[in-house]
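Taken in order, these protein sequences are the chains called L and C.
The first sequence begins at 56 in my numbering and counts up one residue at a time.
The second sequence begins at -9 in my numbering and counts up one residue at a time.
I should point out that these hints are in silico values taken from the structure, not numbers from a laboratory.
Here the structure is a predicted model, which means the values were calculated and not measured.
Quick list of in silico lysine-lysine cross-link-like pairs, DSS-like style, CA-CA up to 25 angstroms:
1. L:415 <-> C:240
2. C:48 <-> L:183
3. C:363 <-> L:179
4. L:418 <-> C:240
5. L:277 <-> L:574
6. L:179 <-> C:364
Between beta-carbon pairs, the in silico distance windows are:
7. L:182 <-> C:371: 21 to 31 angstroms
8. L:571 <-> C:106: 17 to 27 angstroms
9. L:387 <-> C:248: 50 to 60 angstroms
Glycine included, each C-beta is placed from N, C-alpha and C at the ideal position.
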Amino acid sequence: MVENFDYSLIDWSRAQFALTAMYHWLFVPLTLGLGFIMAFMETIYYKTGNPEWKKLTKFWMKLFGINFAIGVATGLILEFEFGTNWSNYSWFVGDIFGAPLAIEGILAFFLESTFVAVMFFGWKKVSKKFHLVSTWLVAFGANLSALWILVANAWMQLPAGMTFNPETARNEMTNFWDVFLSPMAVNKFLHTISSSFVLGAIFVIGISAWFLLKKREVVFAKRSILVAGVFGLISSIFTILVGDISGQLVAKNQPMKFAAIEGLYKGQKNAGLIAIGMFSTQNPEEARKNVKDFAFKIEIPNMLSYLAYRDFEAFVPGIEDIIEGSYEYTDKSGKKVTALSANEKIRRGRKAIRALSNYKIAKDNKDEAAMASARKVLDENFQYFGYGYFNDPNRLIPNVPLTFYSFHLMVLLGFYFVLFFIVILILLYKRRLDGNKLWLRVSIITMPLAYLASMFGWVTAEMGRQPWVIQDLMPTMAAVSRLDAGSVELTFWLFAVLFTALLIAEIRIMTKQVKIGPKEGGR
Amino acid sequence: MFEVLSHLQLQHYWWFIISLLGSLLVFLMFVQGGQTMIYTLGKNKTERSMIVNSLGRKWEFTFTTLVTFGGAFFASFPLFYSTSFGGAYWVWMLILFCFIIQAISYEYRSKPNNVFGPRTYEVFLFINGALGTILIGTAVGTFFNGAEFSVGKQNVANIFTTVDVTISRWETPAHGLEAVLNFHNVALGLSVFFLARILAVLYFMNNIDDENIFRRSKKQLLYNTIPFLVFFLYFVIRLLIMEGFAYDPKEGIVSMESYKYLNNFLAMPLVLVIFLAGVVLVLYGIIKSLLKTYTKGIWLTGIGTVLTVLGLFMVAGYNNTPFYPSNFDLQSSLTIQNASSSEYTLTVMSYVSLFVPFVLAYIYYAWSAINKKKIDADEMSDGEHHY
Chain L
56 MVENFDYSLI
66 DWSRAQFALT
76 AMYHWLFVPL
86 TLGLGFIMAF
96 METIYYKTGN
106 PEWKKLTKFW
116 MKLFGINFAI
126 GVATGLILEF
136 EFGTNWSNYS
146 WFVGDIFGAP
156 LAIEGILAFF
166 LESTFVAVMF
176 FGWKKVSKKF
186 HLVSTWLVAF
196 GANLSALWIL
206 VANAWMQLPA
216 GMTFNPETAR
226 NEMTNFWDVF
236 LSPMAVNKFL
246 HTISSSFVLG
256 AIFVIGISAW
266 FLLKKREVVF
276 AKRSILVAGV
286 FGLISSIFTI
296 LVGDISGQLV
306 AKNQPMKFAA
316 IEGLYKGQKN
326 AGLIAIGMFS
336 TQNPEEARKN
346 VKDFAFKIEI
356 PNMLSYLAYR
366 DFEAFVPGIE
376 DIIEGSYEYT
386 DKSGKKVTAL
396 SANEKIRRGR
406 KAIRALSNYK
416 IAKDNKDEAA
426 MASARKVLDE
436 NFQYFGYGYF
446 NDPNRLIPNV
456 PLTFYSFHLM
466 VLLGFYFVLF
476 FIVILILLYK
486 RRLDGNKLWL
496 RVSIITMPLA
506 YLASMFGWVT
516 AEMGRQPWVI
526 QDLMPTMAAV
536 SRLDAGSVEL
546 TFWLFAVLFT
556 ALLIAEIRIM
566 TKQVKIGPKE
576 GGR
Chain C
-9 MFEVLSHLQL
1 QHYWWFIISL
11 LGSLLVFLMF
21 VQGGQTMIYT
31 LGKNKTERSM
41 IVNSLGRKWE
51 FTFTTLVTFG
61 GAFFASFPLF
71 YSTSFGGAYW
81 VWMLILFCFI
91 IQAISYEYRS
101 KPNNVFGPRT
111 YEVFLFINGA
121 LGTILIGTAV
131 GTFFNGAEFS
141 VGKQNVANIF
151 TTVDVTISRW
161 ETPAHGLEAV
171 LNFHNVALGL
181 SVFFLARILA
191 VLYFMNNIDD
201 ENIFRRSKKQ
211 LLYNTIPFLV
221 FFLYFVIRLL
231 IMEGFAYDPK
241 EGIVSMESYK
251 YLNNFLAMPL
261 VLVIFLAGVV
271 LVLYGIIKSL
281 LKTYTKGIWL
291 TGIGTVLTVL
301 GLFMVAGYNN
311 TPFYPSNFDL
321 QSSLTIQNAS
331 SSEYTLTVMS
341 YVSLFVPFVL
351 AYIYYAWSAI
361 NKKKIDADEM
371 SDGEHHY
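So here's chain C without its partners, still in its complex pose (with noise of 0.2 angstroms):
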């Protein structure tokens, strides 16, 4: 079936798919959102139980997915996960320790004789929620604004020149973190930020049934909404406007273009149509629940963040792009077609990839199964497992 498929379109096709798992991720970044909120929407301990409890019956889907994530880019488009994740060393590093104190946090915060006592863990997950979704958004910013690196795939022969081997190299001694010196970069990661933020109060207002929760997290909505939309909007007006990167395939030649990524959009109408639902879905959700007693915002949000984000990230992939440019020498840009695996594996990773419908079934079978009934104070009460 997927034979039929060309070495290119395969590489589409999981440009697809990473998208999309990138876009599940921010999604379900409203767990790093809630993680942000737990004194501002609990107030006293069992209000708190309730939100770490909604929370923590989530986690592990978020980060999942990240690993999930990582392991598809490493499989489909290598050379991304060398050059990156090893130059840019510190950013995924940080991103790495936000997560792994989270993994525990949840299960160790309101256990017995837990060595640091609860505060810590609650710290972790804090860190975890605005650290963690902020870096996330700003090296994903890199995927727009270029970053700092240089490629040589036969650098592996270089023994008898030069003693270094090292394919991907970074060119600058802050390994990543020089990305936070753009402020596109940066304007994204506060969105991310926010919209985590926004995607948690919806999540809260239709899984927790509390009044008090629900009252505060419609006002926390309002309050995050207006820094989401001036990052977001600044962000995108500028990625509209500003000069891009392009590929000429029949050259192999990277080069500047003015409105790049304006050109992308209107080269891929499909694409423009996607972003620009998403973008009123998460407007809608986000109105309808602040003007009415609505439940559902999260679902309206949800699936609009989806939208957004991976319409972001077809603009940032397609038509002849270089999904991860390198200011320090145009031509290591890594593009979809020289950073991705062989046509064998892509061709058995899509085999792989028909999985992902059976995995989101069950996975949907098996939340509706426990959330049946939204959580409230008694439930943290009943002597059960809880967090």
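Bound conformation, chain L alone (with noise of 0.2 angstroms):
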């Protein structure tokens, strides 16, 4: 059972999946969140016809070809990954997880694609509306292909509107709109967009501050600076709303990944936030099961339970509680049920994989009746399913310290960039930015950190739901393709080697257009 996978291969596929999307989504969100920064300002062109607004526009277009072009190169990968290295999962869900791909491609891929020429070739040859409607069109296609993987992603956080199959023995789509609509696909897509319209404003001011820096190209970066700073200001705030609620549907879908993000092991009433941690050293004896004591903590009392369950004395489970069961907890129905320990969930989804074992047996004799009792066993012992590939219950909590700093390192740098965005504003309505070298580099230094703090959300994210590739049902380790772990481990380097290569191209080429500025065309 679990103990004999093989780990090598698995680890060296879950690194290559977590190299390639990194990659991946260090251009993302600079395409979700300068788009629509284009589009305001050729916006404000197509209204004022000032062609200061146009060389704008351009300048910012020129950035967003360069970072678009190494986007779409790094996205080739992860679609076909699904297949190549995580073959089981393709077919255990592939009938609910390839559609919102295949839509993705046929309603957003080819929307960016073709107007993303027009925006680029098109200003000697079509009219002013047309490149507008256009550029419009080139943001929405990006946040619309955004949309389509983040609701296949919720979907494995939070599996709906689908049955298990003992026939085929996958899982099949019984309601589209339950997977399109389901409150963490919802929540998901706006936390995602939002905090990359973050990023993108954050980028263009940074470059800006830069200009105004050198003292040069002051009134276009003052402009610059004036919309994404608003932008950026709206989108950071509404990124810190939609995030609350996220952490509401993770405390009642994902118990364990919201215990491992505050590092909670004892549960209780009345739970503080931790506002500020850090874990001590590693307690040997207590290793074993990845628990960590706190060296210092900043705590806001009661704030926790208000967070999860908006009640200050509600219950908050920990780990210990979560591997123990017996907690009470309101269920996805809305139901006050006992919590069940990790030891009966394992007894549960071996019952269920048992069955489906027992259904193939009985359909190869073709014994009905045997088929009809297997069926009723494995689909009352289902939601467990995923269990069952384990033995040790302490396989099933996620690495803690790491989810822990990447939530709240990413929630720290959200608010800070609540009140970046507010004192820039005031700075620029004051007249007072142009001088300020303090403000101008602390808006340089900012760049990075967006990057980080989107980074930290997916580490969160993907890393706090460990071990499951798909929440209860499928473990990770059950989903890889059947490779040598040496096949991985060498393509694994070579998608290092030629994405950082890319990377460093791509940094290159875009200081030097950075330095080039405004003034010039759009070589």
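Now that you have both chains on their own, put them together as the hints suggest.
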């Protein structure tokens, strides 16, 4: 069972997916955010006819194009990796998961690629209005593609709208709208795109601040900061609001992830929120359970209970409670129930897997009564199917420090960004930004922080849900393709070298274009 | 509307959509063909610049079609997605690498400070054009010649007997590269490669306003048509006379059948007509372009390409034929029945497919808006965005 899986293969497969996904995510948020900023600028140009706004638009468009190309390059592999490296996954849930990917291609990618050509090459070939519409469609298309892939990702975290078919040994979609409009999907989409808008805005402010420091393109830079600052401020507040809802959804549907995010081992009523904290060195005796104590922490009393359940007194289960069970909670249908222990879930999971096996035997023997009986057991226990692959309940605990730190750094940066936009806009309004070297430098330093915050968000979401590739139904180790670990290791390094080389080229081309500035044409 | 269709009818509908996307992809690979001829057709910087820019306005369509082809295959026939991509790992990884390096090359090639120099990006484009087309063609060849895999859908429940819970298993250590040992597969790969080059020169003759490029393109049209015909005819003749894989829908058994693909053509006269019309159009476009000063050959040969490939895909999957046969275990072969998504998912996806004509319409509208005038040398120095 679990101990016998080829962990070297699983680890390399995970490492490769993480590497390619993180490289891809270096470029996507800028495309999502900058797309709309360009569209706003071009709209002002369209309305006013002022060529300065056209120059502004074209400069940011140039940077958009450089970033877009590498985003496309790194995105290709991600789609196919579900097949190449996670083939079991692709069959087990492909009936549901494949649809958003195909819809993304048909509805979003063509929209982006068609109108991106008009946007870059059409300035002198199409009318101003058609060009403006094209720019908006590029921004819209990019965000539409994010929608579908995030619907797919949300479904992995909160499977909905499907049933398991023992005939085909896979999950099959029964309600498209339950998949598409799942609260997790809607929330994930809004949180991800709004945080990407924040990144796009910070990117524009950072580069504009560099121009101001160099005392170049002053009007251009201030106009850019104005558009990006307003857009960024609204987006950053919105990101926090939907992030709060996201916390409630995770508490309800992925309690283990929620406990890991807070480093909460022992559940409690009136649970406090750790605003800042650091784990002490690992306690060797408890290391097996992945338990860490805090060296220090600043805690806001009762706040965790409130954030999770909108009730200051609510009980928030910790990691140990989830493993041991026996606490009361409200299930997805709103009923008060007692939590099962991890061992009981494992037992039921095995029952489900055994029933699937028995179903096949009964089918081969054409024994309909046995088929019906196996089916009944399977249906009763299917919600624990994935647990059956485990022996040791402690394997159900994600990497707590990684999840905790990622989440807290993301949140701290999120609040910092709101403050940052407010200060920048006030300085701009009071005409005190030009000479303010401190805040101009802070603006430049904030650029990498925006990228880090975005990455921390994904690390929280994806590491926090381990060991599941589909929550409760399929563990990551059972999803992997049967390859030798050496092959995946080799492709991992090939991707690492290729993507790093392309990233270096991208950064050098981009910095050169920034130095050339907006006065040059579209070289 | 689609609810009235049976699961089997939906499976047929979706195999048609996959076939259509596959054939559009082959047509759009004129971009790849052109990338292998930048230096053959462009003898100075301006000429090469015109060629790269002419292709650069289209490459994203080929790329997007490839991605959509993958996504649509996943959504409609997920067992193929998991079996082939997860099994023939090295073939697909090589194909993906070929396309990754293409995606940045247009944008970065002529930009200052691009680290590796323009030639590197041109080599990337060449690799994508040559290896990408040959490998995709060779991989599709296994639709007719089979591959080395086994499938056990219930393997996910194997935890009590064995540790291996993998559903699709590849049975050779070469993980797909063994396809090149069958020359019939490679012949299809080389046919695709030379066809892509033929389409590319026809496209340049239509899209670039330059006498020298036109003249050289015409010469290259002849040079590429000869090897194309050799490999393509070999592929088709061998296909018609070889044993093929047949599926008995009543018993669910796969067996070998003599002249299976010839029988498929004869059993489906409409498919035969589509295929023959395609081949005739491909040749007519080429011959007309060779004999006259004709610039619309890309449309004749392009439409011909779509019809020809459509015909080939349809004989691969229709008439009870496993579209992805297994040589290792005949009964593991994938058919449009056993590899498909559920009836519900295919129905949902069929509604989504109704957007395809709308997508094609706006692509046509946008293309005609920016292609009103052919690319010429003046445009390369007008200060606007260029590759």
